[in-house]
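Generate coordinates for the entire structure from the input sequences, incorporating the hints supplied.
Sequence lines, in order, name chains A and B. To convert, note that position 26 of the first sequence is 26 in our numbering; the numbers rise steadily by one, no gaps. To convert, note that position 329 of the second sequence is 329 in our numbering; the numbers rise steadily by one, no gaps.
Don't read these hints as lab results, they were simulated from the structure. Be careful, since some hints might not be right.
[Claimed, not checked] DSSO-like mimics (lysine-lysine), calculated; alpha carbons at most 30 Å apart, straight line:
hint: 1; chain 1: B; residue 1: K85; chain 2: A; residue 2: K179
hint: 2; chain 1: B; residue 1: K208; chain 2: A; residue 2: K280
hint: 3; chain 1: B; residue 1: K124; chain 2: B; residue 2: K208
hint: 4; chain 1: A; residue 1: K257; chain 2: B; residue 2: K261
hint: 5; chain 1: B; residue 1: K79; chain 2: B; residue 2: K208
hint: 6; chain 1: B; residue 1: K272; chain 2: A; residue 2: K7
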Amino acid sequence: MLDQTVKPLVRVRDLKMHFPIHAGLLRRRVGEVKAVDGVSFDVMEGETLGLVGESGCGKSTCGRALLRLYDITSGDITIDGHNIATMSQNKLRPLRPTMQMVFQDPQASLNPRMTVEAIIREPLDEHTSLSAEEKRDKVAALMDAVGLNRKFAKRYPHAFSGGQRQRIGIARALALNPKFIVCDEPIAALDVSIQAQVVNLLEDLQEQFGLTYLFISHDLSMVRHIATRVAVMYLGKIAELAPREALYRDPLHPYTKALLSAVPEPDPDLARSTERVILKGDVPSPSNPPKGCNFCTRCPAVMDICKQIDPEYRQVQPGRFVACHLFNETTTTAG
Amino acid sequence: MPEAAAPVLDVQGLKTVFKTRGGEVHAVNDVSFSLRPGELLGVVGESGSGKSVTMMSLLGLLPSPPAEIRHGCVMFDGKDLLQVKPRTLRAVRGGEIGFVFQDPMTSLNPVYTVGMQIMEPLRKHMGLSKRAAATRARELLELVGIPDAQRRLDDYPHQFSGGMRQRVMIAIALACDPKVLIADEPTTALDVTIQAQILDLMLGLREKLGMAVIWITHDLGVIAGIADRVLVMYGGQIVEHAPVGDLFRDPQHPYTRALLKTIPTISGERAKRLTVIEGQPPLMTEAPNACPFRARCDVAFDRCAVENPPRYPVGPGHDAACFYNARTKGPRDA
Chain A
1 MLDQTVKPLV
11 RVRDLKMHFP
21 IHAGLLRRRV
31 GEVKAVDGVS
41 FDVMEGETLG
51 LVGESGCGKS
61 TCGRALLRLY
71 DITSGDITID
81 GHNIATMSQN
91 KLRPLRPTMQ
101 MVFQDPQASL
111 NPRMTVEAII
121 REPLDEHTSL
131 SAEEKRDKVA
141 ALMDAVGLNR
151 KFAKRYPHAF
161 SGGQRQRIGI
171 ARALALNPKF
181 IVCDEPIAAL
191 DVSIQAQVVN
201 LLEDLQEQFG
211 LTYLFISHDL
221 SMVRHIATRV
231 AVMYLGKIAE
241 LAPREALYRD
251 PLHPYTKALL
261 SAVPEPDPDL
271 ARSTERVILK
281 GDVPSPSNPP
291 KGCNFCTRCP
301 AVMDICKQID
311 PEYRQVQPGR
321 FVACHLFNET
331 TTTAG
Chain B
1 MPEAAAPVLD
11 VQGLKTVFKT
21 RGGEVHAVND
31 VSFSLRPGEL
41 LGVVGESGSG
51 KSVTMMSLLG
61 LLPSPPAEIR
71 HGCVMFDGKD
81 LLQVKPRTLR
91 AVRGGEIGFV
101 FQDPMTSLNP
111 VYTVGMQIME
121 PLRKHMGLSK
131 RAAATRAREL
141 LELVGIPDAQ
151 RRLDDYPHQF
161 SGGMRQRVMI
171 AIALACDPKV
181 LIADEPTTAL
191 DVTIQAQILD
201 LMLGLREKLG
211 MAVIWITHDL
221 GVIAGIADRV
231 LVMYGGQIVE
241 HAPVGDLFRD
251 PQHPYTRALL
261 KTIPTISGER
271 AKRLTVIEGQ
281 PPLMTEAPNA
291 CPFRARCDVA
301 FDRCAVENPP
311 RYPVGPGHDA
321 ACFYNARTKG
331 PRDA
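Quick look at the structure:
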């Protein structure tokens, strides 16, 4: 699958995205929401990196910050050899065609007053100097590629179902021949029977155009299907990152273990025989994360050190990264 | 499960139609099922399959117009809920039949404290005094696992997290010791770790209180974990009905079989490619004179387009609405 000579297309180091909280009459800054708080990972060329986590863990913010849809707080982002972390939006613009995004809600991310053709053509208008005819051909080719009937080019988004709208969003993202696409929960709003259609389409397109994906999702079973490697986020940090097989077979971080055991499996015998790890309580607020490890308030294997010192995110086995004191060399692996 | 016990809720031939400018929408078409005391009946289906409308029709929660209940009878406690006076129905709703909705934020009133909202059914239906209701409300919050219950009674819904709000909704639904609890996608808006908490809680409560539960969801994984029997809905109809083990081991309707194949799992073999159910869900504006699944079905034949299949028995407590016999791999006899 992933051979060692593959080079990273995207390199993220210690990415932080903090949003200020303003309060009071003078709108003074009283704190900040640490939505993404020191995240590092690579996305290899041609792979799909799955980014999973519960709502509010910062996975979408991470995806958007990565494409500089926000001005990030700190950190380094290198995409296709360009360091874009502090680049101005003007300088970034010519680089935009290489990096695109597919959004969660195909209803909200398509302009209801534009025809499908106009939506898919817009990136071409902005970034290329093709003639009108060339653009029309390109739009038709894109519609074919994502499985939309060319005859519907003049229709408006409301005339399409959720799955078809998501195809329009994918066609738009593909228009400029990108290398890297951030898919932010592309199937979350779709019905089960439609989800498989869209996931298969994304896989076909990846093969056809050699795309690299960051696939953000809360659906662990779908991520197992599509991702090459998987990163698990919790409260703004990556808890664990590992190749897909290793992560699902042998999760290391207690949070990954709990998350996997909480997924309801469509098999009555299995569902009733397996012992679930049920986490107590809720995710703490990212504006006021706990001291030490951010999972220490819910962790079933919590130790004293966890409440004091934030565990370092480090490689514990080749290709496997974990942020947990259970895997420190200095402490014995208790629990 | 007591097989022979009389059902607590018995629905026969329910048909609900919405009248719109674009014509009639056949949202629920000839739905029949019964609920035995103490059992957990799972209802699965995609959006628009009619699962929520079915439950809302039988409790008279749909505004009319545009909704119109054409036929059917809903027997509960010796009464037909579709025929009784609105007053009687109001006493049943929230009293003997509890309801938990999908979105706990929009179904709680933001300007009343949680305590008041739990006490409301207690005072209305059970005629408890304010003090008795307050005590009972505290007990209920403790029952659904909300820490520091006494203090939290005075909190407003926005002070609770999503999972906690859903626990409050469950507490309200349980307030009057219902015989039947209808839960409409109660965990869909929640994260998996919180969903696991709520499922665990519901199973515990059902054991403790012995009520019958109808659990509506689109997630077959949830159904596998908690249901005793399952109804699969598609296009406003029940297409398959089976005990949970049989449904997953030996699905008979092509839709159920396709659905089970299309969902990926986190354990077991990882499919190289997902099996796809081609096409789109049906438009419900057509009169239901044909099988709603025929356009996406891989075994459909001529008869499916001219006749709507009835539910054929295929095993003990197991039926499927399909003209194709999956066991003999041929058409069923008329």
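Do the hints match the structure? See the list:
Distance check on the hinted pair: B/K85 and A/K179 sit about 64 Å apart at the alpha-carbon level, beyond 30 Å; violated. Distance hint between B/K208 and A/K280 is fulfilled; the C-alpha atoms sit about 21 Å from each other, no more than 30 Å. Taken as a hint, the B/K124 and B/K208 pair is honoured in the structure, with Cα atoms around 25 Å apart against an allowance of 30 Å. Under the criterion of a C-alpha separation no larger than 30 Å, the hint pairing A/K257 with B/K261 is consistent with the structure, at around 25 Å.
At most 30 Å may separate the alpha-carbon atoms for a hinted pair to count; B/K79 and B/K208 meet this at roughly 27 Å. Restraint check for B/K272 and A/K7: the C-alpha separation of about 25 Å stays at or below 30 Å, so the hint holds.
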